[in-house]
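Visitor: Residue strings, one per chain:
2 protein chains.
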Amino acid sequence: MPVIESVEAHDIRFPTSSTLDGSDAMNKDGDYSAAYIVVRTDDPGLSGYGFTFTIGRGNDLVTAAALQWAVRLIGRDVRTVAGDPGALYREFQSDSQMRWLGPEKGVVHIALAAVMNAVWDLAAREAGKPLWRLLTDMTPEQLVDAADLRYLSDALTRDEALAILRDQEPTRAARVAELEARGGYPCYTTSAGWLGYSDDKLRRLLQEAVDSGYRHVKLKVGANLEEDRRRLRIAREVVGWDAKLMIDANQVWDVPEAVEWVNALAEFKPHWIEEPTSPDDVLGHAAVRRAVAPIGVATGEHGMNRVLFKQLLQAEAIDYLQLDSARLASVNEIIAVYLLAAKFGVPVCPHAGGVGLCELVQHLSVFDYVAVSASLEDRVTEYVDHLHEHFTDPCIVEHGNYVLPSRPGYSAQMHDASVAEFAYPDGEYWARR
Amino acid sequence: MPVIESVEAHDIRFPTSSTLDGSDAMNKDGDYSAAYIVVRTDDPGLSGYGFTFTIGRGNDLVTAAALQWAVRLIGRDVRTVAGDPGALYREFQSDSQMRWLGPEKGVVHIALAAVMNAVWDLAAREAGKPLWRLLTDMTPEQLVDAADLRYLSDALTRDEALAILRDQEPTRAARVAELEARGGYPCYTTSAGWLGYSDDKLRRLLQEAVDSGYRHVKLKVGANLEEDRRRLRIAREVVGWDAKLMIDANQVWDVPEAVEWVNALAEFKPHWIEEPTSPDDVLGHAAVRRAVAPIGVATGEHGMNRVLFKQLLQAEAIDYLQLDSARLASVNEIIAVYLLAAKFGVPVCPHAGGVGLCELVQHLSVFDYVAVSASLEDRVTEYVDHLHEHFTDPCIVEHGNYVLPSRPGYSAQMHDASVAEFAYPDGEYWARR
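Quick note, the sequences are listed as chains A and B, same order. Just so you know, we're using the UniProt record's numbering here: the first sequence kicks off at 1 and counts up by one. Just so you know, we're using the UniProt record's numbering here: the second sequence kicks off at 1 and counts up by one.
If we strip away everything but chain A, and leave its shape as in the complex, we get (with noise of 0.2 Å):
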């Protein structure tokens, strides 16, 4: 039985802001960057994967914060470990000490993420299974017992949870082989829409996701209101007006901003707007949500934690629930969050991009369509065509398609060459900068 033997963090930076890569109203120059674990047993064949996703500065105190929580791991069996991650999961969160710098928010929780995502990629991995295939396999029973429900009974009890995972059990697999037939789990494009992009590169990008079977596009927005209305009316000329156009302001507005703005953009039928203020905002983001029909409501790329999405649940905030795979704290907060939103009936949409997350989220929405929601209505998955390059097992994205994953794990193992090269700040990018 293999044991787990010495665990890695590394802190990853890509130097992104040379490029404009990921440009919005709020985050104008981020380093995508990761907090990448890496968790070794002493079967050299056999090794866990993980990281969290940032933009840069504070990278190593994620990185610091998910070592202390990773040492933990050093001598346990791997069985034991992948057997029961609730069990381990809970562990973590009952450390008083670490709680009290969030709770459950911040650095201590996006590094807990780090860590969880490298033990469900061991886990995945030591039953010889891609990660959704791992979830989708497991009981109600056992996926309830993975997910942290805590604080969340007066919305979803264990017994609802267990009811929703049932009443999909029987018809599991014929939603596995419709996904495989249908060549995947639909996605969207943000990789035209970055807001330090010139307008001649904003109609190829869109013209080349339209030509890529994209039926949706996403644009960024907030900066300047003229601009918006130039560059969406570009995106409306390319796309037509039968694609979906999102968009996406990155948290800048306050509230009865938020909603002038978006009403001034009303003429380009915009199918959502994500983030329009504060993420931790339940009740203004219900506000903007009242004000802005039909047009919907999306945010949760910084939702912090399950209590604030049983919130924006619970109070009508949300049309679409983008969770991110590296913000909440893995699998075990994900699975909660994902029958919070089928108890309530809204889709959930992940954000994806940054390093990593389209390699993360293709698990996720694999496992919400067989085993959760059953459902592909109003579901489209982010795709950014960005860092694929640094990953074992990259996602593979066909005709607006993520296609699902086959190898063992959870897709988030990084080359050692792109380890060596962008280590922060002594790897060989950043050392002859």
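Keep in mind the hints are simulated off the structure, nothing from the lab. Small disclaimer: the values here were computed from a predicted structure and weren't measured. Errors might be hidden in some of the hints.
Heads up, the list lumps identical chains together, so a pair's fine if it works in one copy or across two of them.
[To be verified] Computed cross-link-like contacts, SDA-like style, restricted to lysine to any residue with a CA-CA straight-line distance of at most 20 Å:
(1) LYS28 <-> ARG90
(2) LYS28 <-> GLU91
(3) LYS28 <-> LEU225
(4) LYS129 <-> SER198
(5) LYS28 <-> PHE92
Add chain B to chain A, keeping to what the hints say.
Guide: Using the frame of chain A, we list chain B on its own:
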């Protein structure tokens, strides 16, 4: 004109877990800790001191984060920094790479609190005034410029904030005189009520509190209902039925459990239930409040930022707002929360205890009474008799009142000997262990 020449960040930990000081249902073994920042100028007589509070592990992460903010102060002119702390605060908050790690919550946010606390201490020392005096000598415009009003305008506009402050401006001096005449600002004590204490110790400490003039005492609850009943019965025997008896669950319950448990203790007529559930759960607190009235609901020591407090007020979720001086990002964010509370007519009863929080909140409560709320009704500030000996200007509590601080600054400076002894892990105390 003095210039900031160097900064220091110290990880200070006090071994409070050995005596169960500070034990509650969630936090059983905290080592009260401070991420302590010193800002030195080229004037040997002028430095600024600030900190944030944690309970042990991870304090190194906060210290490291605080240092990343603090080094940006080096080379700046003290008058410029002290003359417009709002500009500095906004500059720090607009670092989008650091912002990603919250935003505005968790490790980076409390680290910013430590640094801005040092900046406000420096500003008060440079002016030769205690912080409360510095603030109550500022014009309404200056206070509003210093305040962080971002994301609040749906609940509090800049004009409304100005109007609140202008209403109270002409009578500020009278309220300062009144506080001095009455012996200070009213406080209550939690020193008696930690969960780990024996019944005899509980009884003795409660009697001491009553004998010292306290009319409010607080007990920790939530680990065991029968023990809670026994301890509350003892408390009522000692303090009688005229004193206010508060109870504090430190977030251990889900919402339905909170309602049930608190109502099961209703016979002891608690004044408030503090932290009944997750600190992030605005709607949960509102539900608890509706279900346990007339028992009041209080929360805020883990209130992550002003957006959370805005919603607690909008949702009518709380009867008492317990902001924390080291979790909110210093005076800039705290002014905003006081103004919100005044707008909604909810009394602010700051959280204190820990390390040095009493030293800070005494200034804030005086500011509130003199410049913002102009009311003492239902207002009482926490006091815990721990660890004050480590501060050069410790708070003075007499007859249940915080005596108004008179020395320049924010009372945040620790003795050099305390820093040397309790620095972690290399200070004398920890090196011995």
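Visitor: Checking an output row: LYS28 and GLU91, CA cutoff 20 Å. Within, between, both or neither?
Guide: between (38 Å within a copy, 14 Å between copies)
Visitor: Indicate which option fits the pair LYS28, ARG90 if close means a Cα-Cα distance not exceeding 20 Å: within, between, both or neither.
Guide: Between copies only: 16 Å across chains, 37 Å inside a chain, cut-off 20 Å.
Visitor: First find the shortest C-alpha distance between LYS28 and PHE92 inside one copy, then the shortest across copies, and answer within, between, both or neither for a cut-off of 20 Å.
Guide: Between copies, since 15 Å is at most 20 Å while 34 Å is not.
Visitor: Can you give me the call for LYS129 and SER198, within, between, both or neither, at a CA distance of at most 20 Å?
Guide: Neither. Shortest intra-copy (43 Å) and inter-copy (53 Å) distances fail the 20 Å Cα cut-off.
Visitor: When Cα atoms must be at most 20 Å apart, do LYS28 and LEU225 count as within-copy, between-copy, both, or neither?
Guide: within (17 Å within a copy, 52 Å between copies)
Comparing the model with each earlier hint shows a violation of hint 4 alone; every other hint is respected.
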